[in-house]
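Residue numbers (our numbering), protein chains in the order written: chain A, 7 to 278; chain B, 152 to 442.
Calculated directly from the structure, the hints in this document are not laboratory data.
Misleading hints may appear alongside valid ones.
[As the list claims (entries may be wrong)] Restraint-style ranges between C-beta atoms, simulated for each label pair:
1. A:88 to B:254: 42 to 52 Å
2. B:352 to A:264: 46 to 56 Å
3. A:237 to B:401: 22 to 32 Å
4. B:399 to A:55: 34 to 44 Å
5. B:400 to A:70: 30 to 40 Å
6. B:248 to A:233: 45 to 55 Å
7. A:200 to B:399: 16 to 26 Å
8. A:49 to B:419: 27 to 37 Å
9. B:440 to A:261: 41 to 51 Å
10. A:232 to B:352: 49 to 59 Å
Note that the Cβ used here is the ideal one computed from N, Cα and C, for glycine as well.
One letter stands for each residue in the lines below.
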Amino acid sequence: MSTTIETTERERIAFAAVELARNPERPRALQVISAITSGWTELRGDRLFGDDRAVVGGPARLGGRSVMVIGQEKGTDPMTRALHNFGMPHPEGYRKAVRLMRQAEKFSMPVLCLVDTPAAHAGIGAEERGQAWAIADALLCMLGLRTPTVSVVLSEGGSGGALALALADRVLALENAVYTVAPPETCAAILYRDAGQRARAAAALRPGVETAHRIGLVDELIPEPPPGAHAHAPLVIAAIRGAVIRNLDELCEIPIDELVAQRQRRYREAGG
Amino acid sequence: MDRADGVTSRRQAPRNRLQAPGPELRPTAPTTGTVACPRCKRRFVAERYAADLNVCSECGHHGVVGAAQRIAQLADPNTAETLVVEVGDRDPLGFDDGVPYPQRVVRARERTGLHEAFLTARASLAGNPVVLACMDFEFLGGSLGSGAGEIFARACELAIAEQRALVAVCTSGGARMQEGIASLAQMARCSAAVAEVIAARLPYISILGDPCFGGVTASFAVQSDVIIAEPGARIGFAGGRVIEQATHDKLPDGFQTAEFLLAHGMVDAVVERGRLRDTVGTLIRIYSGRA
Chain A
7 MSTTIETTER
17 ERIAFAAVEL
27 ARNPERPRAL
37 QVISAITSGW
47 TELRGDRLFG
57 DDRAVVGGPA
67 RLGGRSVMVI
77 GQEKGTDPMT
87 RALHNFGMPH
97 PEGYRKAVRL
107 MRQAEKFSMP
117 VLCLVDTPAA
127 HAGIGAEERG
137 QAWAIADALL
147 CMLGLRTPTV
157 SVVLSEGGSG
167 GALALALADR
177 VLALENAVYT
187 VAPPETCAAI
197 LYRDAGQRAR
207 AAAALRPGVE
217 TAHRIGLVDE
227 LIPEPPPGAH
237 AHAPLVIAAI
247 RGAVIRNLDE
257 LCEIPIDELV
267 AQRQRRYREA
277 GG
Chain B
152 MDRADGVTSR
162 RQAPRNRLQA
172 PGPELRPTAP
182 TTGTVACPRC
192 KRRFVAERYA
202 ADLNVCSECG
212 HHGVVGAAQR
222 IAQLADPNTA
232 ETLVVEVGDR
242 DPLGFDDGVP
252 YPQRVVRARE
262 RTGLHEAFLT
272 ARASLAGNPV
282 VLACMDFEFL
292 GGSLGSGAGE
302 IFARACELAI
312 AEQRALVAVC
322 TSGGARMQEG
332 IASLAQMARC
342 SAAVAEVIAA
352 RLPYISILGD
362 PCFGGVTASF
372 AVQSDVIIAE
382 PGARIGFAGG
392 RVIEQATHDK
402 LPDGFQTAEF
412 LLAHGMVDAV
422 VERGRLRDTV
432 GTLIRIYSGR
442 A
């Protein structure tokens with residue numbers, strides 16, 4: 007009996023951590039972009055099919071540099087959440103991101119990616135237009151991009167849909183964010199054939215970013231004052247700005263050939 | 152032959168005939184008795200079905216093929232040397248869903264005779280030097296964990312070291328959930344390995360079998376120069392059932408089949424199993440600039 011209670015308690019705590027990461031008051035990509043950059047000009051469309059509003063991007067100034075900023079946006083109220091598809095990108099979103107990354111490379115601008123998605127969108131259109139192909143291409147693009155890259159996991163890094171924007175030279179994460187192979191609901195459906203057992207899946211999967219840190223997908227955790235970023239958005243956004251600029255300062259000192267080689271070696275070893 | 156990078160290889164009993172590998176390789180693969188086509192239910196003598204590459208001669212259904220059998224089907228006779236890649240056992244989460252994850256791995260090994268969901272070999276394919284990297288769906292659903300990812304990455308490195316073309320046969324349910332975020336990292340690891348193959352300008356051809364989903368499709372399976380799908384294979388990112396439940400949309404006929412993806416421009420060709428060796432061989436010869 008005591009085992010059952012302990013397990014339940016462990017599951018409750020694990021899922022509470024997921025819910026904290028999903029708190030709608032946490033800083034969103036557009037909010038961070040407008041707070042830490044100047045002159046950000048949104049560029050839209052993938053030039054192939056359409057424009058995916060779950061991914062936003064464009065050039066801006068940050069800390070005395072021109073940078074390309076790309077973010078997954080979840081929205082902040084019912085209307086914007088629907089507009090941005092709850093941060094779940096279609097293939098067009100990844101193809102737009104790749105287009106902007108190539109452009110950044112052309113102008114020798116570093117790339118900043120703000121990761122915040124439960125997962126890539128699962129739907130008929132997304133499959134018809136090659137969701138897997140778009141993600142696979144973004145992975146290769148980030149691995150070989152000849153310009154410095156920094157990614158920040160803001161709240162939720164879920165599945166290949168997050169990884170596609172997170173193979174950067176430096177990956178930072180807010181300390182209460184989660185980074186998982188799939189959302190707990192999907193994991194539960196796969197492992198236990200029951201999406202309802204999401205708390206059990208959350209407990210088993212250790213979704214906190216410290217796990218991702220331990221296996222080499224995340225380099226640095228950005229502290230959040232208690233009870234979390236939702237209560238201290240300006241402070242946390244300032245911390246993000248500081249950490250991004252410090253990392254860009256370091257990366258821009260490294261010759262580009264060496265940087266790309268380091269990046270590829272690092273991801274060749276990721277995950278143990 | 153021992154290699155400094157930890158890849159060891161050994162020549163094994165001839166497995167490159169067009170028939171089922173011996174019972175020491177796949178203890179459960181039927182080599183005697185009869186097997187039924189999963190689609191039309193027609194029964195065949197097991198030996199005959201294997202000689203037909205697990206393709207039903209009645210309805211054309213392409214049945215599941217294990218990794219060892221794949222290597223036997225694609226390699227020229229007596230040329231395949233399977234690579235023994237030592238990957239440590241991993242259980243980053245201490246995962247236990249009633250059966251501890253390490254125990255599930257042990258059972259999969261006993262059932263398939265494989266060390267991991269990937270089996271790789273150095274071989275000749277229609278006269279071309281290649282590295283074959285084949286997934287086995289019977290091994291925990293062909294799921295991509297850190298062991299499987301490492302084996303694939305080593306295969307890429309062997310291809311580069313020996314200037315061989317890379318041929319991958321992909322069939323997988325996707326990431327291995329039991330390894331959590333470490334399995335997601337394998338998409339990065341395998342992509343990084345493919346990036347090296349691309350940089351070395353070696354031909355990379357992927358063959359997608361039924362089924363192929365998730366993080367496998369969304370990384371190395373489609374990062375190749377040529378993507379070939381087997382007839383009827385179901386291929387995609389999210390599974391059809393997941394999509395139906397999430398969106399309540401009715402899936403179109405033939406959704407996510409090889410033929411559907413061909414029509415949508417996602418694969419280069421749909422090739423019957425019996426023609427795979429010739430097709431892949433011709434492509435490698437042309438890319439290598441040989442007549």
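Structure-based check of all given hints:
{"no.": "1", "hint": "A:88 to B:254: 42 to 52 Å", "verdict": "45 Å, holds"}
{"no.": "2", "hint": "B:352 to A:264: 46 to 56 Å", "verdict": "22 Å, violated"}
{"no.": "3", "hint": "A:237 to B:401: 22 to 32 Å", "verdict": "44 Å, violated"}
{"no.": "4", "hint": "B:399 to A:55: 34 to 44 Å", "verdict": "24 Å, violated"}
{"no.": "5", "hint": "B:400 to A:70: 30 to 40 Å", "verdict": "48 Å, violated"}
{"no.": "6", "hint": "B:248 to A:233: 45 to 55 Å", "verdict": "32 Å, violated"}
{"no.": "7", "hint": "A:200 to B:399: 16 to 26 Å", "verdict": "19 Å, holds"}
{"no.": "8", "hint": "A:49 to B:419: 27 to 37 Å", "verdict": "31 Å, holds"}
{"no.": "9", "hint": "B:440 to A:261: 41 to 51 Å", "verdict": "34 Å, violated"}
{"no.": "10", "hint": "A:232 to B:352: 49 to 59 Å", "verdict": "53 Å, holds"}
Checked against the numbered hints above, the structure breaks hints 2, 3, 4, 5, 6, 9 and satisfies the rest.
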